[in-house]
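> Following the hints, put chains B, C and D in place on chain A, whose structure we already have.
These protein sequence lines are chains A, B, C and D, in that order. Under the numbering used here, think of the first position of the first sequence as 1, with each following residue one higher. Under the numbering used here, think of the first position of the second sequence as 1, with each following residue one higher. Under the numbering used here, think of the first position of the third sequence as 1, with each following residue one higher. Under the numbering used here, think of the first position of the fourth sequence as 1, with each following residue one higher.
Take these hints with a grain of salt, some might be off.
No copy is singled out in the list; a pair is fine if it fits within one copy or between any two copies.
Unchecked claim - DSSO-like mimics (lysine-lysine), calculated; alpha carbons at most 30 angstroms apart, straight line:
id, residue 1, residue 2
1, 118, 242
2, 365, 51
3, 369, 305
4, 410, 4
5, 38, 51
6, 410, 384
7, 410, 61
8, 344, 267
9, 77, 61
10, 38, 188
11, 445, 352
12, 369, 340
To be clear, the hints were calculated from the coordinates, so they are not data collected in a lab.
4 protein chains.
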Amino acid sequence: MEYKLYIAGDFVKTDQKLTVSNPYDDSIVGETFLAGSKELDLAIDKAESVKNEMRDLPSYKKFEILLSIADRIADKKSELALVLAKEAGKPLKYALGEIDRAIQVFKVAAEESKRLPKEYFSIDWTPAGHGKEGLVKYFPVGVIAGIAPFNFPLNLAVHKIAPAIASGNPIILKPARSTPLSVLELAKIIDETELPKGAFSVLTMDREAGNQLVTDNRINMLSFTGSPSVGWKMKTNAGRKKVALELGGNAGVIVSDDSDIEFVVKKCIVGGFAYSGQVCIHVQRIYVHETVFDNFIYQFTEGTKQLKFGAPDELSTDVSVMIDEQNAIRVEEWVKDAEKDGAKILFGGNRKGTYFEPTIITNTKREMKVCALEVFGPVVIIEKFSDFDEAVKSVNDSEYGLQAGVFTNKINEMNQAYNELEVGGVIVNDVPTFRVDHMPYGGVKNSGFGREGIKYSIFEMLEPKLLVKNADY
Amino acid sequence: MEYKLYIAGDFVKTDQKLTVSNPYDDSIVGETFLAGSKELDLAIDKAESVKNEMRDLPSYKKFEILLSIADRIADKKSELALVLAKEAGKPLKYALGEIDRAIQVFKVAAEESKRLPKEYFSIDWTPAGHGKEGLVKYFPVGVIAGIAPFNFPLNLAVHKIAPAIASGNPIILKPARSTPLSVLELAKIIDETELPKGAFSVLTMDREAGNQLVTDNRINMLSFTGSPSVGWKMKTNAGRKKVALELGGNAGVIVSDDSDIEFVVKKCIVGGFAYSGQVCIHVQRIYVHETVFDNFIYQFTEGTKQLKFGAPDELSTDVSVMIDEQNAIRVEEWVKDAEKDGAKILFGGNRKGTYFEPTIITNTKREMKVCALEVFGPVVIIEKFSDFDEAVKSVNDSEYGLQAGVFTNKINEMNQAYNELEVGGVIVNDVPTFRVDHMPYGGVKNSGFGREGIKYSIFEMLEPKLLVKNADY
Amino acid sequence: MEYKLYIAGDFVKTDQKLTVSNPYDDSIVGETFLAGSKELDLAIDKAESVKNEMRDLPSYKKFEILLSIADRIADKKSELALVLAKEAGKPLKYALGEIDRAIQVFKVAAEESKRLPKEYFSIDWTPAGHGKEGLVKYFPVGVIAGIAPFNFPLNLAVHKIAPAIASGNPIILKPARSTPLSVLELAKIIDETELPKGAFSVLTMDREAGNQLVTDNRINMLSFTGSPSVGWKMKTNAGRKKVALELGGNAGVIVSDDSDIEFVVKKCIVGGFAYSGQVCIHVQRIYVHETVFDNFIYQFTEGTKQLKFGAPDELSTDVSVMIDEQNAIRVEEWVKDAEKDGAKILFGGNRKGTYFEPTIITNTKREMKVCALEVFGPVVIIEKFSDFDEAVKSVNDSEYGLQAGVFTNKINEMNQAYNELEVGGVIVNDVPTFRVDHMPYGGVKNSGFGREGIKYSIFEMLEPKLLVKNADY
Amino acid sequence: MEYKLYIAGDFVKTDQKLTVSNPYDDSIVGETFLAGSKELDLAIDKAESVKNEMRDLPSYKKFEILLSIADRIADKKSELALVLAKEAGKPLKYALGEIDRAIQVFKVAAEESKRLPKEYFSIDWTPAGHGKEGLVKYFPVGVIAGIAPFNFPLNLAVHKIAPAIASGNPIILKPARSTPLSVLELAKIIDETELPKGAFSVLTMDREAGNQLVTDNRINMLSFTGSPSVGWKMKTNAGRKKVALELGGNAGVIVSDDSDIEFVVKKCIVGGFAYSGQVCIHVQRIYVHETVFDNFIYQFTEGTKQLKFGAPDELSTDVSVMIDEQNAIRVEEWVKDAEKDGAKILFGGNRKGTYFEPTIITNTKREMKVCALEVFGPVVIIEKFSDFDEAVKSVNDSEYGLQAGVFTNKINEMNQAYNELEVGGVIVNDVPTFRVDHMPYGGVKNSGFGREGIKYSIFEMLEPKLLVKNADY
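For reference, chain A alone in the conformation it holds in the complex (with noise of 0.2 angstroms):
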């Protein structure tokens, strides 16, 4: 099948094809198009054309535009889970979930965009503000560059794509090169809404255009979610644009000796290995307390052993293959060679194309890449710790710091983790893979800059603007 590139409201080839494959059978998904800059400079020019109408409309219009594409999506949801299912090579089960979330997205973002920030205060508070009054409202920054990568290929677009049209700002997406059908999919569904055409198109691109994106004066943000190496570069690339990256991770768990372990367990196995381990936010380090470690360790490999490999678009599938064969062969090396540092394999460790089997790995050191490192793949650390000081020590021993969880009933040791977890999110009595659409979500150190989380990322999209005011003329 054939999915044309989307700009301004149409449906274009180019000359530069594209196939998208299946990671688990290396099947043809379909067919789509890279865009080179001729094709990016009309998507930009579009959007520079609709900007002002953007800024001006009503909040009930973006309300039932963006409620509209949410009744789409879910009108289309299963035919949708089976193109991510497919592309990414996402267990069924995980892509039906995705595409609720981004239902949820469009619905969040429709709440939010008729409740725009805007603050009235008093500007008297000395003689020279006297009779006079402020009102700051946030305009729309412009058009906006939305970078997506592939383990999420929907939600993570839409992440991108419903707080654009919700602060009113026109956006251009780019998806990842390996899964842009579902979105794709999505062009469509927008495209028969009254959304103004040229603030949204959705672009595939060859390197060129991609560099095009990212020093493009005409573009006013970049909102861009994928690896540390590229994200950091391109915020000294951006010029004047404001830039938020959503980065990657080596999330931390603490498991404090009052907890449940069967509870926990059932939690840490889901985090660990829910579309094997690519989650920016998968459970990489575990550390538990001495006095449940052993019935820690026992209880989660027995779980993990239960989990069932199978091709993505089945349902009863826990586990399916890696996106690539590269990324599997990456991940394998990282585990030979913890295990020949002295680490300690507990299960899996094995590879077979594009599977790498869920993995579970103790006696590592801190140098060790399972730990240092973003492991995006199937693969799970567990250590003891004797008190709780230095199992915060452990995870804050890391340069990323995106998201920590924390299993315990005391309220010391939660507000100990609060406030020293170097990281953007610490989740109390659940894995660090938690996450609602609507909550702030975004790292610290290597690991992002700014945050999303749709009235989040609508905030970021916009720019104050004062009026000074009598009030009393």
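Just chains B, C and D, lined up with the frame of chain A:
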């Protein structure tokens, strides 16, 4: 010493004299006057006549006035504390603390006067609102009558005066007959500032004037702190006025098994016996987990024994007399009744004139007056519980609901206490007696109506007004 | 057709029948029942029994319930509009508009149910608060009694029901005796949702039950829309309950010299005569700048002549009958009195049964009932002014203060109107009849107490509770 | 007099001397030093070492420190003003005003330090969040580098220092080489407070240290006020740092036909010539409606003639010299170029050393440097317009967008100006030069990135951290 009443900038005498004496030794602290309807009428007239001027005071002017009051109180701190200690029979160290809090209330009110609530929002959620936006500013309600109790004669009056000024309302304050002097001292201070004359009056009143205060249509709001029976009747008779009621309580404390008993006991002794328990949020009922009960009882009794009785105007005094003999006798009777009915007095229980000993009781039943009613005296009951649910139910088993304290390090107990305790405020790891002046404060059930705490009082003293205006006209 | 009352999930009959007839032709619209104390007691008991369940409903559940009500109303829109048109004698186009607004109220309530107010703040402004932080969540007040008027029998009931559900409170609704049917239709709709049974009852009541509703201590809040005399008496008898009163008005409009008269006249004719002026914010008094007065009078009269009289259930009808003959006679008398006293009737003035003609009067005096009281009929007075100050004073010269309209393009006139008009809402460049459902709505002076408008009603249906907790424990 | 640099509590010399002279008469104001990398390294190390201590300062402590700084500045006001007047060549009356504003900034920062943003919200918008709630607190970003310009050497430094302290961040301040002395005086003041040593350093820097300040990874945020070219380059080189840029402008004013010309002219003369136009929001371009143009020109010219030239340290001086001869020569050339190209000089245009006369120009073209670039000198251009649209377009016809002024009494012109002017702030009925210190301040387009104004600066110096926690666990 003679204290004149303060009406709209004038210090006046009336033909009804009022003598204020020290409950410790019956010595005369000062002489003042009772206002009748004539004086009250004048105060109301003057208040009405400055309504618009008060409404239109710029922020910087209100800020300056409020800060200058705070500064002047600080300058006269020891003098004011002495008057307060003597008229109220309040140990000097607590009287000094009360002055400090009154200063803080004026300072915070100064800051909040610049931050009155204002909302700006989109109206165009449906086509009917196309092109329009909304502003809500909060305007002063009008003339306020403040009625203050004897137990914190300065600070609880200030909790009405300072927010009234901050919100741009004139206020007429009626102090308790037993303790009018410290607030008449405050009138001298305020008179020296640039507050428009008429915006503040202080009148001790005869019964007729007191009734008129409640029913007079020119008064737009009643802010009352005092007994439940008087307060609720006032609400009935208030006509169209807004009403805020800060009434009594019989505050409960829960001590969980993981608490640091030494720390808890120290807090509870102050909460139970400071100013002889004549405090709305005095610690009256303590529920202690059975595993730490005996230790708690022992330490609490030992600690109570250390309290030093003395004259209110001596710095070393921990406990002194009650406000009058009538109240001391009442408390004595309640304690005797409880004992007759099976309760066990662990310490104290005796009266000598206006002095009633710090008293600890256990083995009580819920219907006993020392449990069920507001004892407003130096009496604490301590009972044992075996599970947290039971403790929560015991605290809730009361007509009152002001504040409660919970000592625990367990997240689930904190959550349960907060969700289920029927009170205005749950204080975790401190006594219910905890109050800082900017926090919202007030009760549910029989304990009150509305909230104080500067920002919250200000909000209750304001009336929203909407402006719907064109945004793109 | 027979409509049963709705008590906590059961549709019930009583032994007191009530016939509802169409004021246009006296035809029977339906039969229903009056509840007595027995039925009310049951409704209150059931409401109390689901208080905790309602308090603990998760956001997503309240959201789903409220949205599903909105969707079901939309499905039955024409059916509901017809019942409403007939029972109220309301022209169908306005009845349809009212259904749309009721849908909107449930939708907005759904959104707001996820956004209940919550405050988190630092407590450590003085050393007394060291190491502590504060949280204020707002909990449901308890059982609410909603009392709705005849003029918007559905939407003004919904303005109580939807916020009650959104805030987690059970509600018992008492509709007007003349117009109970549309809200009994709504009961059928709500009964099909997952709202806990007991959280909603609809009872038309006999006098005894009506009185009990006000005085019963198990009810925690009264939310009343109706006449001032009944409302204010209710406040007096309400005991400890919270009270919200939406009462009447005699809304004024100011037309400045720079106004577009054609635009203004069009707005004012709808504001003055829609639903025969039986609207709290009906345009009753218009003050027009002398330079445009004659033109205004001419166009207004011509426009009024075009209004088409007819049956309420016909789409082409602009004006129809009043709610009953008694009211039509009252309006007739007021108009005759005014004429006798020197006023000049420019158009209309005649009655035929329940129909009273759209009527335009000038040369009035402030004491005439058509000026000073709430006419609640199709009568508009139009007077001339020469300066803006005078116009503001004229609008303020009233016992009422609900909303006012000001047509002007001058910043200083807008500011003056907003600062000085004694009303709940100032509508610039539109009539005072302007209302969208999410804006704060309510009056000052004799016109009311508190505010409605979903978010604002929700706030009034909540009680703050403070949690003071350790942050660094 | 010798001024030592201030590093983390120590006053130090370096081996690079720097002489600061008065641009009016070239007299030496003081001697100080340039820091190199060694000193900067030390300052950064010390700053890092107090990060946690700063983060954990309780509110009352930050409040006390900030207020005590404000009080000490007030005590030394005349002394500080004199140093400032001399080093900057700023007329004493404006220097005194600057000290007052610096005091105000510290006072407001004190208040805001107790009100750092905190959000508490429900997480359970979908079943995935069942039983959970969210808290967002904002934590300090880390070490801040503040870079201040010469034109407000004290207050624009204070706009970085005070918010840094209020938000709990250590800050290293680099003043301009020409005007470091007043902020070194401030260092003496701050050194006497309880601010942890290391939290504040002041270093004039050599080029190498200046570059390191931008690139050093231990610094977490750059807050720069200065020229666009330097600022934008800094953003590129900043790595992972947050960046706030306050750059220049060529502010426009629109004078509508209904304006009070006498009032407007008075405002515009101050806005145009105060401190010789060396102000980011100096009135550079005035667009006057044709009906009032001639009158405006006449009054403006007459008013300008009255300005008194003199030494900066004399109170009667209205205008004095520019910061150095190089700048005076630059302005002279731009004016000559404009004249050559057809512009007409209505007044002024001559230079004498560092002094450039207040200069009024008309008949300009948009490309002339005096229009298109930031003149940063005492030059004002005045042009005529016939309709408001045209005036808005003229103001927008610029690379810059800081603030704009609009004199009008028309609601629609106010709305259009606010919606369409591409600036950070629109000032109605005052000049763009209007600034009070607590309002949000900053530009769009070439004029800046981010906002200052205490609360807004504080927000930019904070990083959100989410806590997801059980609410019903």
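> With reference to the structure, classify each hint as holding or not holding.
Quick rundown of the hints versus the structure:
1. 118 <-> 242: Both. Shortest intra-copy (20 angstroms) and inter-copy (24 angstroms) distances satisfy the 30 angstroms Cα cut-off.
2. 365 <-> 51: Close across copies (28 angstroms), not inside one copy (52 angstroms); limit 30 angstroms.
3. 369 <-> 305: within (24 angstroms within a copy, 64 angstroms between copies)
4. 410 <-> 4: This pair counts as neither: shortest intra-copy Cα distance 55 angstroms, inter-copy 50 angstroms.
5. 38 <-> 51: within (20 angstroms within a copy, 49 angstroms between copies)
6. 410 <-> 384: Answer is both; intra-copy 19 angstroms and inter-copy 23 angstroms each pass.
7. 410 <-> 61: Between copies only: 28 angstroms across, 48 angstroms inside.
8. 344 <-> 267: Within one copy, since 23 angstroms is at most 30 angstroms while 52 angstroms is not.
9. 77 <-> 61: both (24 angstroms within a copy, 22 angstroms between copies)
10. 38 <-> 188: within (22 angstroms within a copy, 59 angstroms between copies)
11. 445 <-> 352: Classified as neither: same-chain Cα gap 35 angstroms, cross-chain 53 angstroms, threshold 30 angstroms.
12. 369 <-> 340: This pair counts as within: shortest intra-copy Cα distance 12 angstroms, inter-copy 68 angstroms.
Of the hints listed earlier, those the structure fails to meet are numbers 4 and 11, in rising order.
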